Amino acid sequence: MTEFSWHERVADLSAMLGTVEEQLKRGDPGAPGLAEFKSALDDLRLRAWGLLMAANSEDPHGFQESFRTHRGIEFCRALTTELQSGKLSATQPDLPTLGTAAKDLSGTVKDVTRKPSKRRR
Numbered sequence: 000m001t002e003f004s005w006h007e008r009v010a011d012l013s014a015m016l017g018t019v020e021e022q023l024k025r026g027d028p029g030a031p032g033l034a035e036f037k038s039a040l041d042d043l044r045l046r047a048w049g050l051l052m053a054a055n056s057e058d059p060h061g062f063q064e065s066f067r068t069h070r071g072i073e074f075c076r077a078l079t080t081e082l083q084s085g086k087l088s089a090t091q092p093d094l095p096t097l098g099t100a101a102k103d104l105s106g107t108v109k110d111v112t113r114k115p116s117k118r119r120r
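Quick note on numbering that gives the first Met the number 0: the sequence shown kicks off at 0 and runs consecutively.
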């Protein structure tokens with residue numbers, strides 16, 4: 000098994016971004032998946048920040064759980080506000096799927112908070 004290398008991961012990300020930039024230079028600004036790629040990079044950045052902060056915490060796992068939960072709360076509230084204000088179009092085709100995912104999350108949160116906590120350590 001090879002040892003994990005941050006330098007290799009950074010080089011991989013840089014190469015990947017270079018490839019995307021080259022595709023865009025060739026005239027494909029609306030490349031399918033570009034928004035998802037950007038979203039994944041945003042998530043990677045935020046999760047990496049969370050990992051850095053957790054590494055300096057007395058309870059790294061608890062910090063990560065709290066960080067992810069708070070991000071979810073902020074995201075849900077922002078989407079609610081955007082839908083109510085009209086900033087996010089009611090005709091957006093993914094809204095029904097978002098509603099289903101939110102309903103599933105809500106049900107799961109209710110289920111797990113009713114049970115005694117089985118926190119991993």
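These are computed hints drawn from the structure, not numbers from a lab. Note that the structure is predicted; figures quoted are calculated from it, not measured. A virtual CB, placed ideally from N, CA and C, is assigned to each residue, including glycine. Treat each hint with caution, since some may be false.
[To be verified] The calculated DSS-like cross-link candidates involving lysine-lysine, where the alpha carbons are at most 25 Å apart (straight line), are:
1) LYS24 / LYS37
2) LYS102 / LYS114
3) LYS86 / LYS102
4) LYS86 / LYS37
[Claimed, not checked] Derived DEER-like restraints, expressed as beta-carbon distance ranges:
5) THR112 / ARG25: 37 to 45 Å
6) LEU16 / ALA89: 32 to 40 Å
7) GLU64 / THR90: 32 to 40 Å
Hint check results:
1. At most 25 Å may separate the alpha-carbon atoms for a hinted pair to count; LYS24 and LYS37 meet this at roughly 17 Å.
2. With a CA separation close to 19 Å, the supplied pair LYS102 and LYS114 stays within the 25 Å bound.
3. About 22 Å separates the Cα atoms of LYS86 and LYS102, which keeps this hinted pair within 25 Å; it holds.
4. Proposed proximity of LYS86 and LYS37 is supported: the alpha carbons are some 20 Å apart, at most 25 Å.
5. One distance hint, 37 to 45 Å for the beta-carbon pair THR112 and ARG25, is violated here, with the actual separation near 51 Å.
6. Range check, LEU16 to ALA89: about 34 Å between beta-carbon atoms, so the 32 to 40 Å window is met.
7. Hint check: GLU64 to THR90, Cβ distance near 36 Å, so the stated range 32 to 40 Å holds.
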